[in-house]
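*Asks:* Residues per chain, in single letters:
Number of protein chains: 2
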Amino acid sequence: MQIEYTDPDEVFKELLKAQQVKPQVLTVNISDAFNFVLAEDVASPIDVPAFNSSHLDGFAVRSMDTEGASLQNPIILNIKGSIDLGELPPVTIQKGDSYQVRTGSYLPEGCDAVVGKEDVKVEGDKVYVTKPVKPGSEVVRKGSDVAKGMVVLRAGHKIKAQDLGMLRLLRLDKVKVYAKPVVAVASIGSELTESIEEAEKGKTLNTHAYTLTALIKSAGGEPLYLGIVPDDTAAIKDIIVEGLSKSSLMLTIGGSSIGEADLVSKTLQTFAPTMHKHGLKLHPGRVAGCCVVKGKAIIILPGLIQSTINAFVYLALPLIRHLSGLDTSRCEATVRAKLAEDLVFHRFPDFKKMTWVSLKKAEEGLLAYPIRGDSPMLNVLVRADGYILTEPNKMIVEKGTAVDVALVPGLSSLPK
Amino acid sequence: MQIEYTDPDEVFKELLKAQQVKPQVLTVNISDAFNFVLAEDVASPIDVPAFNSSHLDGFAVRSMDTEGASLQNPIILNIKGSIDLGELPPVTIQKGDSYQVRTGSYLPEGCDAVVGKEDVKVEGDKVYVTKPVKPGSEVVRKGSDVAKGMVVLRAGHKIKAQDLGMLRLLRLDKVKVYAKPVVAVASIGSELTESIEEAEKGKTLNTHAYTLTALIKSAGGEPLYLGIVPDDTAAIKDIIVEGLSKSSLMLTIGGSSIGEADLVSKTLQTFAPTMHKHGLKLHPGRVAGCCVVKGKAIIILPGLIQSTINAFVYLALPLIRHLSGLDTSRCEATVRAKLAEDLVFHRFPDFKKMTWVSLKKAEEGLLAYPIRGDSPMLNVLVRADGYILTEPNKMIVEKGTAVDVALVPGLSSLPK
Numbered sequence: 001m002q003i004e005y006t007d008p009d010e011v012f013k014e015l016l017k018a019q020q021v022k023p024q025v026l027t028v029n030i031s032d033a034f035n036f037v038l039a040e041d042v043a044s045p046i047d048v049p050a051f052n053s054s055h056l057d058g059f060a061v062r063s064m065d066t067e068g069a070s071l072q073n074p075i076i077l078n079i080k081g082s083i084d085l086g087e088l089p090p091v092t093i094q095k096g097d098s099y100q101v102r103t104g105s106y107l108p109e110g111c112d113a114v115v116g117k118e119d120v121k122v123e124g125d126k127v128y129v130t131k132p133v134k135p136g137s138e139v140v141r142k143g144s145d146v147a148k149g150m151v152v153l154r155a156g157h158k159i160k161a162q163d164l165g166m167l168r169l170l171r172l173d174k175v176k177v178y179a180k181p182v183v184a185v186a187s188i189g190s191e192l193t194e195s196i197e198e199a200e201k202g203k204t205l206n207t208h209a210y211t212l213t214a215l216i217k218s219a220g221g222e223p224l225y226l227g228i229v230p231d232d233t234a235a236i237k238d239i240i241v242e243g244l245s246k247s248s249l250m251l252t253i254g255g256s257s258i259g260e261a262d263l264v265s266k267t268l269q270t271f272a273p274t275m276h277k278h279g280l281k282l283h284p285g286r287v288a289g290c291c292v293v294k295g296k297a298i299i300i301l302p303g304l305i306q307s308t309i310n311a312f313v314y315l316a317l318p319l320i321r322h323l324s325g326l327d328t329s330r331c332e333a334t335v336r337a338k339l340a341e342d343l344v345f346h347r348f349p350d351f352k353k354m355t356w357v358s359l360k361k362a363e364e365g366l367l368a369y370p371i372r373g374d375s376p377m378l379n380v381l382v383r384a385d386g387y388i389l390t391e392p393n394k395m396i397v398e399k400g401t402a403v404d405v406a407l408v409p410g411l412s413s414l415p416k
Numbered sequence: 001m002q003i004e005y006t007d008p009d010e011v012f013k014e015l016l017k018a019q020q021v022k023p024q025v026l027t028v029n030i031s032d033a034f035n036f037v038l039a040e041d042v043a044s045p046i047d048v049p050a051f052n053s054s055h056l057d058g059f060a061v062r063s064m065d066t067e068g069a070s071l072q073n074p075i076i077l078n079i080k081g082s083i084d085l086g087e088l089p090p091v092t093i094q095k096g097d098s099y100q101v102r103t104g105s106y107l108p109e110g111c112d113a114v115v116g117k118e119d120v121k122v123e124g125d126k127v128y129v130t131k132p133v134k135p136g137s138e139v140v141r142k143g144s145d146v147a148k149g150m151v152v153l154r155a156g157h158k159i160k161a162q163d164l165g166m167l168r169l170l171r172l173d174k175v176k177v178y179a180k181p182v183v184a185v186a187s188i189g190s191e192l193t194e195s196i197e198e199a200e201k202g203k204t205l206n207t208h209a210y211t212l213t214a215l216i217k218s219a220g221g222e223p224l225y226l227g228i229v230p231d232d233t234a235a236i237k238d239i240i241v242e243g244l245s246k247s248s249l250m251l252t253i254g255g256s257s258i259g260e261a262d263l264v265s266k267t268l269q270t271f272a273p274t275m276h277k278h279g280l281k282l283h284p285g286r287v288a289g290c291c292v293v294k295g296k297a298i299i300i301l302p303g304l305i306q307s308t309i310n311a312f313v314y315l316a317l318p319l320i321r322h323l324s325g326l327d328t329s330r331c332e333a334t335v336r337a338k339l340a341e342d343l344v345f346h347r348f349p350d351f352k353k354m355t356w357v358s359l360k361k362a363e364e365g366l367l368a369y370p371i372r373g374d375s376p377m378l379n380v381l382v383r384a385d386g387y388i389l390t391e392p393n394k395m396i397v398e399k400g401t402a403v404d405v406a407l408v409p410g411l412s413s414l415p416k
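Just so you know, the protein sequences line up as chains A and B, in that order. Take the first sequence: its position 166, counted from the start at 1, is 166 in the working numbering, and no numbers get skipped. Take the second sequence: its position 253, counted from the start at 1, is 253 in the working numbering, and no numbers get skipped.
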């Protein structure tokens, strides 16, 4: 069977269009919302702070009452009471009056300044102010942190630590987020084993599923590992049926090359897929493919680890992100770096090339070192911090070129 | 009580020296090891691949046997058999012989090249090779991914997705990692509530603990939230006793300013701490402190959110990292950016300043925008991507200056 190679971006576009699974909305407690993606814009129902409040321990005053105050001629105000934290303030403040306040105490209307306790003298129920204060001095204005009605967080935003505090500050109990899509994974190949004893006798230890389940988690999915399946059409059929019934998206690993064991693509054909592509103009990763069966995507990842991961990054990562409410980018972020060595390609001229690089800090910024090593070599990925993409027909990228290094969640890291 | 302000780096150094908790070593299954920190160097017990192996589906040959082959004069080799995936190879290959192989099949000794099946013709048990192949052609050399004895991952490394595959590839079942330290958190303040109803009547909703527990998780710790404690010496004593008994490190939030409620520091004094500092030359964050009681660190975080987080980043983050086997840096990584606006400080000349910034991409690289807003404002942090530190006595950092933006796990993100 001859593979026909297609532009990988085209393939992903078709896949995204053909698959019918939609992000699911879920209501969760704020305390469980960390790292979920918001499914709604969050507008503030309140002003924060709810009232003008004090920035200091001291006395709340009307600034106009302190005009002309000096050490020689202090202005004497009545202490009408104190306003503790969490206490609703008196409605207004009268001319000549003051209230003792703490940092964060709410202020009555008309009160537009706070004098720090270090700057006054107190005698009984009188406070001596020895210098004038400006309107607004040491006052945190009502709504100055968050104004009522303001959209603070938007749908599609991944909830960070500080957002949890914010959601709570807005007096929310629960929030709508996108559910984490279940992503089924099956390892295909009669040579595979989960047993170290069998590996010592020559079988190949399943390693890829360990990496993939961690990548799925990091991408925002919920991995469901279905185990190893031999190179056998009936067994592959069964696992596909199982995977489709239990997940939003299924990944198969291996069984995708043009050898006798190229069974996955053939077997999938029997499911009458509404979309089916085998072969990407992506190197490494060209023997990857994908199809859609009953509205669900199945992504065929090649067995050689760099190809496995490249195809995951190209087809599965953006789909998992889509299903968890994010955009369909193939990274978490990119960083700009300078290529530290020439990057030369010898094969597949009209293919996109994905090159894993390690990053180092230099005086002028980040340097990206392409990691050499064939597609089966896992150590290339162990040393990798991110990847760069090179457009088709560009066979040399010169040392010193500025490149965008894409960071893959769970795999990438940045140098200190 | 007058606070004495000390250089925050000095304070952390003393704290780290005085506290006696050590990172704990734990043995976990590889499938559970994601994001743990390795507690041992991992050297490979085996060569990967274990034998020379094939990079293609095709025929394993001795390159010298193919010398002079051409379309006109193909060289005819005997097919002695086939070597399937996961099968131990024959010990050697004889002159004039070949074996049918698949991508990843192990090769017998003496076989130093593979001819792709596209490049041969097969008739019965004979294969016709129509061009010479070079030694090493399409052969993945034994040990070329990982050589036996090579240290692949080092102690102190945080385990990434691809490392899981690598650990398994080295035929490891379990690995030694550092346990996640339990970090107790107590919110202190009679004004606090967990109830939205009470907040509507004026009380302050607990928000900080939501953010802190997520930051603790992201830093590698296991948060243990102990709840709200009123401004009451006996209650504070009780919670400290509880926290110390259940955790490796305790954080208190609030009750640290110089007001009447400055009870935490005073109460801690009654525990006869072996080290005790209150006041950091860090702005915002100056009213933070820490002490060591019975060998365990207690970090006093101020109540105004930016000060809370700054003190967390300065004192707690590096200690959590230390207790989970990492270095004591105050970030996950830094990125270089250009300051987009002048940064001007008016107060605390001899303090370090911590400024939260948002990052934007520009043609020339990243731009860092300082986020303005007082210490109580949470929205500053919601908009933040990272922070920059400014050294004491530097009161202006000019627009265009290259700055290192520190990324805090759980809080930071990078622009796409």
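Since the hints were derived computationally from the structure, they do not count as laboratory data. Only a predicted model underlies this, so the values are computations on that prediction, with no experimental measurement involved. We put the beta carbon where it would ideally sit given N, CA and C, even for glycine. Check the hints yourself; a few may be wrong.
Unchecked claim - Selected chain B positions facing chain A (in silico; Cβ < 10 Å): (1) LEU71; (2) GLN72; (3) ILE76; (4) GLY81; (5) LEU85; (6) THR103; (7) TYR106; (8) VAL152; (9) LYS160; (10) ASP163; (11) ILE196; (12) GLU198; (13) ALA199; (14) GLY303; (15) LEU367.
*Asks:* State for each hint whether it applies.
*Replies:* Hints versus structure:
Residue-level restraint check for LEU71(B) is violated (minimum Cβ-Cβ distance to chain A is 22 Å; threshold 10 Å). Proximity of GLN72(B) to chain A is violated relative to the hint, the smallest CB-CB distance being about 27 Å (cut-off 10 Å). A distance limit of 10 Å between C-beta atoms decides the matter here; for ILE76(B) the minimum to chain A is near 23 Å, and the interface restraint is violated. At its closest, the beta carbon of GLY81(B) sits 15 Å from a beta carbon of chain A; the interface hint therefore is violated under the 10 Å criterion.
Annotation: LEU85(B) was flagged as interfacial toward chain A, and the flag holds, the nearest CB pair being 3 Å apart, inside 10 Å. With a cut of 10 Å, the hint placing THR103(B) at the interface with chain A holds, because the nearest CB-to-CB distance is about 6 Å. Interface hint at TYR106(B): satisfied, since its Cβ lies 7 Å from the closest Cβ of chain A, which is below the 10 Å cut-off. Taking 10 Å as the C-beta cut-off, the interface hint given for VAL152(B) holds, the closest approach to chain A being about 6 Å.
Taking 10 Å as the C-beta contact cut-off toward chain A, the hint placing LYS160(B) at the interface holds, the least distance being around 6 Å. About 6 Å separates the beta-carbon of ASP163(B) from the nearest beta-carbon of chain A, less than 10 Å, and the hint is met. Taken as an interface hint, ILE196(B) checks out: its beta carbon lies about 5 Å from the nearest beta carbon of chain A, inside 10 Å. Interface restraint check: GLU198(B) against chain A, minimum CB-CB distance 8 Å, threshold 10 Å, status holds.
Annotation: ALA199(B) was flagged as interfacial toward chain A, and the flag holds, the nearest CB pair being 6 Å apart, inside 10 Å. For GLY303(B), the interface hint holds, the least distance from its beta-carbon to any beta-carbon of chain A being 7 Å, beneath 10 Å. A hinted interface residue such as LEU367(B) counts as satisfied when its beta carbon comes closer than 10 Å to some beta carbon of chain A; here the least separation is about 12 Å, so the hint is violated.
In terms of the numbered hints stated before, the structure departs from hints 1, 2, 3, 4, 15, listed from lowest to highest.
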